[in-house]
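Q: Here is what each chain is made of, one letter per residue.
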Amino acid sequence: MSSLLTALSPLNLVYMLAGTVLGILIGAAPGLGPVFALAILLPMTYSMSATSSVIFLSAVYGACCYGGSISSILLNTPGTPGNVATCFDGYPMTRRGEAGRALGISTTASLVGGLFGVAAFALLGNALAQLSLKIGAAEYFLLAVAGLCLVALAAKGNALKGIIMGGLGLMLTFIGRSVVTGDKRFTFGTVYLEDGLQFIPIVIGAFALAQALVLVNEKGAMSAADSKVSGVMAGTKEVFKFPVPLVRSSVLGTIIGIVPGLGINAASFITYVVEKNAAKDKDTFGEGNTKGLIAPQTAIGAVTSSALIPAFALGVPGSSSAALFLSALSIHGIQTGYSFYSKNGDMVSTIIWGMLLAQFAFAILGLLGAKYFAKITEMPNSLLVPLILMLSVVGAYATRRQIMDVAVMLAAAVIGYCLERNKFPLSCLILGLILGSLAEDNYCRAMRLSGGSWSIFFTRPISFALIIIIVVCFAWPLLKKLFNRKQTAG
Amino acid sequence: MKDTNQKAVVDVVILLVIMLASAYMFAASGSFADETKLFPRIVSTAVFVCCAAKLALTARAFLPPKDSAAASGDEVPAKKALLNRRQLILLAASVLYVALLNPIGFLPCTIAILLALPYTLGYRRWKVLIPFALLISIAFYAIFRYGFYIKLPAGVLSGLL
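Those protein sequences? They're chains Y and L, same order as listed.
Going by the working numbering, the first sequence runs without a break in its numbering and finishes at 519.
Going by the working numbering, the second sequence runs without a break in its numbering and finishes at 166.
If you're looking for bench data, these hints aren't it; they were derived computationally from the structure.
Remember, it's a predicted structure, so these values are computed and weren't measured experimentally.
Be aware that a few hints might be false.
Unchecked claim - Derived DSBU-like pairs (lysine-lysine); straight-line CA-CA distance at most 30 Å: (1) Y/Lys248 - L/Lys156; (2) Y/Lys248 - Y/Lys404; (3) Y/Lys509 - Y/Lys452; (4) L/Lys132 - Y/Lys372; (5) Y/Lys372 - Y/Lys248; (6) Y/Lys515 - L/Lys132; (7) Y/Lys309 - Y/Lys163; (8) Y/Lys163 - Y/Lys400; (9) Y/Lys510 - Y/Lys309.
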């Protein structure tokens with residue numbers, strides 16, 4: 030109880046609110062993302078206590094990942110790379126004039142996922158961290174392949190196009206220095222390409238600016254001027270009508286979160302695809318399906334807390350964001366690792382309460398602000414399109430301050446627009462980009478460990494289970510067709 | 006049928022470009038060290054094979070339909086050009102904006118684009134347009150410069166900002 034009171038101290042509440050507001054603002058700005066938010070705000074924690082600094086950073090992290098959904102839903106512009114999957118069903122809702130409802134759904138789903146993630150952090154932190162150690166190179170590689178296969182198979186009637194796009198995404202990650210040997214590949218003698226093609230400019234171009242190319246043909250605004258933004262509370266209530274997707278996405282998000290290296294981007298995609306495959310109304314995914322919005326947002330919420338589990342319990346930061354949390358703790362002389370939970374009992378409890386309250390902070394601010402955020406859809410398209418252009422340019426430029434990143438963003442917009450128009454699923458391309466380095470690095474490591482034998486993928490239980498999942502995923506549509514044919518013939 | 010063919014032609018072009026890229030990647034990776042070329046070769050081969058399979062499937066669109074149902078499917082509405090005039094204007098403006106961003110600077114370029122592009126797209130309410138362009142440009146510059154410590158290109162105003 031004393032830890033709850035400490036978490037509720039006026040100073041901690043101020044830090045939490047400040048972190049939430051800053052997180053939402055940075056998250057909603059395309060291209061910046063949680064790593065940027067945590068990195069830029071880390072110096073502010075120097076003067077705070079260790080507990081306050083984790084509470085502040087948790088508020089920033091959770092709010093930033095949530096904030097990214099606002100621009101995804103309203104402008105089809107993912108605020109953070111993790112929010113790409115939020116665009117798929119969030120933006121179509123906005124196009125239907127249901128921006129308020131979409132924001133209500135995303136806020137509540139993020140809150141539920143966040144609470145689930147914090148609960149996992151509190152109750153199963155140590156056990157889950159140990160579990161993450163069982164995942165080796167072979168499993169990582171197969172996880173990446175399974176993710177790509179699932180996304181490709183979920184592409185409406187275009188599975189082959191999905192696989193091609195996933196492969197193209199992987200091919201793009203080969204540009205630059207090899208993750209295995211560091212050798213230069215496909216750089217055409219340019220210094221710019223040595224770092225590889227950057228993910229953020231491609232995502233911004235393929236989604237935000239490509240959408241501007243669609244909007245520029247439409248006169249008027251997405252919503253009628255002075256139309257009442259409604260449905261925020263209805264969206265909030267609607268989330269609870271889907272308990273199974275909520276729980277499924279929370280569990281998946283938590284599990285993906287604890288696996289170092291996968292993180293928010295993979296979690297939001299994979300949960301989206303799992304939900305789509307499980308749904309009876311999968312044809313409406315991508316057209317504003319509620320479950321299609323619940324799944325990625327819940328997973329994102331869950332990952333923001335569960336990604337900290339290996340960092341705190343094992344001292345192994347699985348992502349840049351988790352590494353920044355560890356930096357904040359190490360500044361205060363606090364060691365993370367096996368004894369973190371047992372040695373720092375009171376502090377851990379306070380941090381958990383703080384993380385829990387931080388979830389409510391962004392949810393309350395998000396719900397209160399939803400109707401004001403949604404006003405942007407009343408802006409005439411002739412004003413909105415230049416605004417999206419400016420946001421895209423700033424987003425692509427901000428991360429590395431290289432004008433070539435902006436040029437890549439422009440090229441990605443045109444290519445993305447053409448691919449999307451011809452129903453080549455961009456989601457598969459993006460997932461290929463996300464998982465490319467992870468897949469290559471772990472494939473090569475697995476081959477090295479096994480002395481070049483593929484047996485490593487079949488002899489380890491988790492990797493063998495993943496192979497079965499991949500095979501079943503491919504075989505299932507064919508088996509289903511055969512079964513249906515037999516039924517109709519019978 | 007005409008629509009299906011038009012879509013299929015664009016599909017074929019896209020698939021051929023990807024096939025070319027994968028063939029290039031396979032060939033060019035020949036000179037790399039074993040571990041460096043291993044994964045690119047596997048992936049480029051897989052992509053090439055999938056593209057070839059899809060090409061074979063797409064070729065069916067060019068065959069005369071057996072019945073009227075064959076002409077339908079996941080068609081894209083017929084459009085004469087890939088990009089129309091308004092889209093070309095947006096792209097031209099984007100290229101110009103990006104090209105001038107470094108030499109001219111973020112503030113002048115953004116103010117200009119936020120004035121010129123809406124006007125070209127048909128928005129003529131200057132009382133809204135001018136404050137919109139000025140406020141958005143200055144606010145973004147200030148937020149990034151002083152809030153996030155990201156210096157957007159100052160260009161011709163580098164002495165002042």
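Q: Hint by hint, note whether the structure agrees.
A: Each hint, compared with the structure:
With a CA separation close to 35 Å, the supplied pair Y/Lys248 and L/Lys156 exceeds the 30 Å bound. A C-alpha spacing of about 17 Å is found between Y/Lys248 and Y/Lys404, which places the hinted pair at or below 30 Å, so the restraint holds. Distance restraint check for Y/Lys509 and Y/Lys452: the Cα-Cα separation of roughly 24 Å lies within the 30 Å cut-off, and the hinted pair is therefore satisfied. Under the criterion of a C-alpha separation no larger than 30 Å, the hint pairing L/Lys132 with Y/Lys372 is inconsistent with the structure, at around 63 Å.
Restraint check: the Cα-Cα separation between Y/Lys372 and Y/Lys248 comes to about 62 Å, which exceeds 30 Å; the hinted pair is violated. Between Y/Lys515 and L/Lys132 the alpha-carbon distance is near 69 Å, which puts this suggested pair outside the 30 Å criterion. Pair hint Y/Lys309 plus Y/Lys163 does not hold up; C-alpha atoms about 34 Å apart against a cutoff of 30 Å. Distance restraint check for Y/Lys163 and Y/Lys400: the Cα-Cα separation of roughly 45 Å exceeds the 30 Å cut-off, and the hinted pair is therefore not satisfied.
Distance check on the hinted pair: Y/Lys510 and Y/Lys309 sit about 16 Å apart at the alpha-carbon level, within 30 Å; holds.
Going down the numbered hints, you'll see the structure goes against 1, 4, 5, 6, 7, 8, while the others check out.
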